[in-house]
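Q: Residue numbers (my numbering), protein chains in the order written: chain P, 1 to 484; chain W, 1 to 484.
For the record, the hints were derived by calculation from the structure and aren't laboratory data. Treat the hints loosely; a few may be bogus.
To be verified - What follows is a set of in silico ranges between Cβ atoms, one per label pair, in the way DEER data are often shown: (1) W:D377 x P:A27: 18 to 26 Å; (2) W:D377 x P:P181: 23 to 31 Å; (3) W:D368 x P:P181: 28 to 36 Å; (4) P:M1 x W:T484: 51 to 59 Å; (5) P:S320 x W:R200: 36 to 44 Å; (6) P:P373 x W:P113: 30 to 38 Å; (7) W:P183 x P:K317: 25 to 33 Å; (8) P:K317 x W:P227: 20 to 28 Å.
To be verified - Covered, in the sense of this in silico footprint (three residues per stretch, anywhere, with C-beta under 8 Å from a C-beta of chain W), are these stretches of chain P: (9) 107-120; (10) 452-459.
Ideal Cβ placement from N, Cα and C applies to all residues, glycine included.
Each chain, written out:
There are 2 protein chains.
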Amino acid sequence: MIHSYDPRTGEPAGAPFAATTDGEVDAVVLAARAAAPAWRAAERATVLDAVATALEESVEELWRTADAETALGEVRLRGEVARAAGQFRLFAQVLRDGGHVEAVIDHATAEPPMPDLRRMNHPLPGVVGVFAASNFPFAFSVAGGDTASALAAGCPVVVKAHDGHPRTSELSQKIIQSALPDPALLGLVRGLDAGGRLVRHPAVAAVGFTGSIPGGKAVQALIGERPDPIPFYGELGSVNPVVVLPSAGRDGLARGFAASLTLGVGQFCTNPGLLFVPDDVELLTSLSEAVAAAVGGPMLTERIRDGFLHGLARLGKLTSLAEGRAGEGAFAVTPQVFATDLATFAEGLPGLAEECFGPAAVVVTYGDPAELPAVLDRLEGSLTATIHATDPGEAGEVAEVLLRKAGRLIWNGWPTGVAVRWAMHHGGPWPASTAAAHTSVGAAAIRRWLVPTAYQDWPAELLPPELREDNPLGVPRRVDGVLT
Amino acid sequence: MIHSYDPRTGEPAGAPFAATTDGEVDAVVLAARAAAPAWRAAERATVLDAVATALEESVEELWRTADAETALGEVRLRGEVARAAGQFRLFAQVLRDGGHVEAVIDHATAEPPMPDLRRMNHPLPGVVGVFAASNFPFAFSVAGGDTASALAAGCPVVVKAHDGHPRTSELSQKIIQSALPDPALLGLVRGLDAGGRLVRHPAVAAVGFTGSIPGGKAVQALIGERPDPIPFYGELGSVNPVVVLPSAGRDGLARGFAASLTLGVGQFCTNPGLLFVPDDVELLTSLSEAVAAAVGGPMLTERIRDGFLHGLARLGKLTSLAEGRAGEGAFAVTPQVFATDLATFAEGLPGLAEECFGPAAVVVTYGDPAELPAVLDRLEGSLTATIHATDPGEAGEVAEVLLRKAGRLIWNGWPTGVAVRWAMHHGGPWPASTAAAHTSVGAAAIRRWLVPTAYQDWPAELLPPELREDNPLGVPRRVDGVLT
Chain P
1 MIHSYDPRTG EPAGAPFAAT TDGEVDAVVL AARAAAPAWR AAERATVLDA VATALEESVE
61 ELWRTADAET ALGEVRLRGE VARAAGQFRL FAQVLRDGGH VEAVIDHATA EPPMPDLRRM
121 NHPLPGVVGV FAASNFPFAF SVAGGDTASA LAAGCPVVVK AHDGHPRTSE LSQKIIQSAL
181 PDPALLGLVR GLDAGGRLVR HPAVAAVGFT GSIPGGKAVQ ALIGERPDPI PFYGELGSVN
241 PVVVLPSAGR DGLARGFAAS LTLGVGQFCT NPGLLFVPDD VELLTSLSEA VAAAVGGPML
301 TERIRDGFLH GLARLGKLTS LAEGRAGEGA FAVTPQVFAT DLATFAEGLP GLAEECFGPA
361 AVVVTYGDPA ELPAVLDRLE GSLTATIHAT DPGEAGEVAE VLLRKAGRLI WNGWPTGVAV
421 RWAMHHGGPW PASTAAAHTS VGAAAIRRWL VPTAYQDWPA ELLPPELRED NPLGVPRRVD
481 GVLT
Chain W
1 MIHSYDPRTG EPAGAPFAAT TDGEVDAVVL AARAAAPAWR AAERATVLDA VATALEESVE
61 ELWRTADAET ALGEVRLRGE VARAAGQFRL FAQVLRDGGH VEAVIDHATA EPPMPDLRRM
121 NHPLPGVVGV FAASNFPFAF SVAGGDTASA LAAGCPVVVK AHDGHPRTSE LSQKIIQSAL
181 PDPALLGLVR GLDAGGRLVR HPAVAAVGFT GSIPGGKAVQ ALIGERPDPI PFYGELGSVN
241 PVVVLPSAGR DGLARGFAAS LTLGVGQFCT NPGLLFVPDD VELLTSLSEA VAAAVGGPML
301 TERIRDGFLH GLARLGKLTS LAEGRAGEGA FAVTPQVFAT DLATFAEGLP GLAEECFGPA
361 AVVVTYGDPA ELPAVLDRLE GSLTATIHAT DPGEAGEVAE VLLRKAGRLI WNGWPTGVAV
421 RWAMHHGGPW PASTAAAHTS VGAAAIRRWL VPTAYQDWPA ELLPPELRED NPLGVPRRVD
481 GVLT
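With the rest of the complex left out, here is chain P (with noise of 0.2 Å):
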C-alpha cells in the first residue's frame, strides 16, 4: 500500500493506495498502445488547450489537494497549476506552428540523379512512460512537462505515480482525462515494481524521469534489461554553481541567495548549492545574515528530509557560515549554510561538489578569481550555472568553463524559476541529464518523442500533408537547401 503524508503533520493524509499490480500495468499500457492510432490522426492541439482550461478550472481543488500532501502552500501550488496548465498551451502552439515536424524536401534532380526526398518527424511507435517528480505535484508530475510533450507529439503516457502525493497524481490524470477523446492516453501507475515493469514493456517507446541520480541509474539499469535499447530522458542532480565576481553589485545579492535557496524549502532541481565569492568580511556578513532571516519548513516525505539531513552530515565537517529559522511541521528543516576557501573545496572534491537536495549551500571563498576557471573545471554537469558580475570582460574565461558544466547559464539572476518558453533549455551534461542534447521543458521537449522517417518518390496521395507540395498546413519546411 501507499501511504501519502502530510508533511506539516507526519500523519497519513486520507487512507492508502494500492500499489498497481503487473497484471494492471500491462493492461494500462496495453490500452494506451491501443489508444495510439487515433491520437495520431485526432486535432491534438485544439484537445491540448482543453486540457490547459480543465486543469485551470479545477485550480481550487488541486492546489487545496497537493497542499495536503506537500505543504507547498497556496500560492505555489495555485502558480504550479497554472505553469502545468501553460505548459499545454505552449505544446498547442508548437503543433499549430509545425515547425516541430521539421519538415525537409529535396526535389528530384537529372544530374546528378537523385530521387525526390521528403523528411519530417512522426510519434514515437509506442508509449511514453514517465516517472513523475516528487518536488513538482503538478509540473513535472501527471499534468507535467513530460505528459503534455508526449501527448504533443502524438504518444499515448503512462505515468509512474510519485509515492508522496498519490491522491493528486490521481485527481491531475482525472481532470486531464476529462478533455482527452480517449481517457486510456493517460494511464497512471503506482509503486517502484509498477514502474520497473513499465521501463521494461515492449510497447513503451522512450522513458521520462524527473528524480534523483540513484533513481536515474536505476531506470537506467533496467532499460539496459530491454533486448531493445529505448531512449531514456532522465533529469537528475545539479548542484548549479553561481559564481560572483569582484566586480559583482553587491545590492539584494545576499537576501537573491537565501530566497533561491529556500524557495519551495530548497527542493528544486535548480536549487542554488554552490555560491563562489570573493573572500570579503562585509559580503559574508550579509550572506550569514540573509540566510539567518531565511525559514525552513517541511519537505515533501520522510524520506527526503532523512536525505536532506544525511547530506547536511556530509557537509558538516565544513565550517558553519549561518543557519536559518527552523520551519514548523513533522518533516520540516532548516535552511544551512557552510563556508569554506576555494583550495580546501577544490581538495574536497568531488565530494564536496555533491547535491544535497534541500535548503542547504556551500559558500566558496576565493582570493584571486584567476583561480576558479581550473576548479570550476572540476565540476560535474548541472541543469544551470550563473555568474554575477558588472563587467563582462572579467567573466570570459569562467563563462567559458562554465558552458561545458551547464546547460543553461544565468547572467546577475538565480537559477530557480524555469521559464517555459522557447528558447529554455532545461537539461545538462551528465549527471543533470542522461541524454544532453535534450530538454524537459519549453517547445523543444517535444523533441524526445519524434522520429524522423524519409519517403523517398513516395506518391503525392500517400505523403502526410506537411510533405505534400502544396504545403495545405503552412509549416516552416526547408526546401531544396532553403528555409521557406
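Since chain P is already given, all that's left is putting chain W on it; use the hints.
A: For chain W alone, kept in the frame of chain P given last:
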C-alpha cells in the same frame, strides 16, 4: 598485428600494422581534445571544402589502395571517394547556412515577468569516437560521414579503423590531415582493444558506429561501464523488406531486384534481404532468371565471407529459388535467393528475417495482400522499406505498418543507394540503429554531435554571434516564437 588481405587472392596486402597500445590511444585522444578549442573557433566550412578537394585530388591513389584491400573495383571506389568528398562539402554548406545551431531568442517580457532567453547548439564538449565500417572504405570509414559531421559540428575525431582496410585508413587520414589546421583533429587507432579503450576514455563525448548487431551491442556494453552514459549512435543490421503489391509494374522488376541484391557483392546495410511478391509463376520465373544471370564476387574479408556462408546455412532449409554465377577470387561467394510462402515465413519468424550480410535474400510469396500487414508488423526495425505498386490506394495499410518499421520508405525503387542530401534519413528502429531519432547520412547527421545551451539575461558582449540581436552571421532563427 593487423594484416589486410587482398580479397581476390587471399594473400596479405602489404606489411601488417601494429595494433594501437593503450598509451597510444590515450595520447591520440588527449591530443584531439587539446585541438578542440581552436577548432571550435576556426572557419570550419572553408576547411571542410579543402578536405573535399584534397580527397578528390588524391582519388587515383585512394581507389587503388582501397581496391587492393577490398576488391570493390575502380568504378565503385572512385564513386565512393566522390561521395565522401561530397559529404564534406554538404557539411560546409550546412555550416554556412547556420540552421544547425537552431538559434532561438525569446525577449524579456514584463507581463508575465520573463527573462531574456536565447538558445543555440554548441559542439559536444569532447572527442567523438568513430568505428569505421567494413563495407565502405571511404564513405563510412576514416573519410566518412561520421568524421565529416563531427568535424563540422566542431568536435575532434578519433577513428577506430576497420581491420579490413588499414592502408586505406592510413592514407585517408593523411590526406584529410593535410587540409586540417591541426592533424590532431583526426586521430586513428587500430585493433579491438584500442576500440574498447577509445569508448571508455573520459575525454570521449559520443561514439558513432557502423557495423553488425553483435558489434554494436559490444560497444553499448562498454559504454555501460562508463560512469557517464555518453550517446551511442550505432547503425547496425537491416533486412530492408521490399513489398511488391499486385498492381506493381513487372517491367524491369526482376532485374532491378537482382542488381540491388548483388551490388557491391551484397555488402550494403541497405541490401534488399526480403522480397514479398504475389504468388505468380511468371514473376517468380523472371526473378529466378535475373538472379541466375547475376555474378558473385569476393567479399571484403574472410570473416565476412564465413559469416555469409553461416547465414546461408541458416536459410538452407528453405527452397532455393535461384543461384547466381560464382564470383572469382579467394573470398568469393555466389548470389543465392530462397523462396517460401507467407505462412511458412510467419512461422519461421524471427529467425527467417535475420540479416544475412551479403548477396542473399528470401522471396516470400503471398496469395492475399490483406494478409501482409500482420506479418510485416512482426518484422524488426530496418533502415528502409520499399513498396512496388502502380496504385497508391492499394498500399495504404502496408505503408502504415512499414512507417513504424523503417527510417526511409521507398516507392517503386530499390533500397541500395543513399542520397547525401538535406532530407535523407539513414536510421530506423532498433536494431537498424541504436538511436532512431538520428541519421548517419545527410545534413541532419551533424545533430548527433551538438548540445544546446540557453543564455538567460546574458550580456551581448559574451553572446555567440548567432544569438546577438543584429544576427551578424544571418543564421535562421526563431524570435519570440516566429521563424525569421
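Q: Compare the structure with each hint and give your call.
A: Verification of the supplied hints:
no., hint, in the structure
1, W:D377 x P:A27: 18 to 26 Å, "holds, 21 Å"
2, W:D377 x P:P181: 23 to 31 Å, "holds, 24 Å"
3, W:D368 x P:P181: 28 to 36 Å, "holds, 33 Å"
4, P:M1 x W:T484: 51 to 59 Å, "holds, 55 Å"
5, P:S320 x W:R200: 36 to 44 Å, "holds, 41 Å"
6, P:P373 x W:P113: 30 to 38 Å, "holds, 32 Å"
7, W:P183 x P:K317: 25 to 33 Å, "violated, 48 Å"
8, P:K317 x W:P227: 20 to 28 Å, "holds, 25 Å"
9, 107-120, "holds (count 5)"
10, 452-459, "holds (count 8)"
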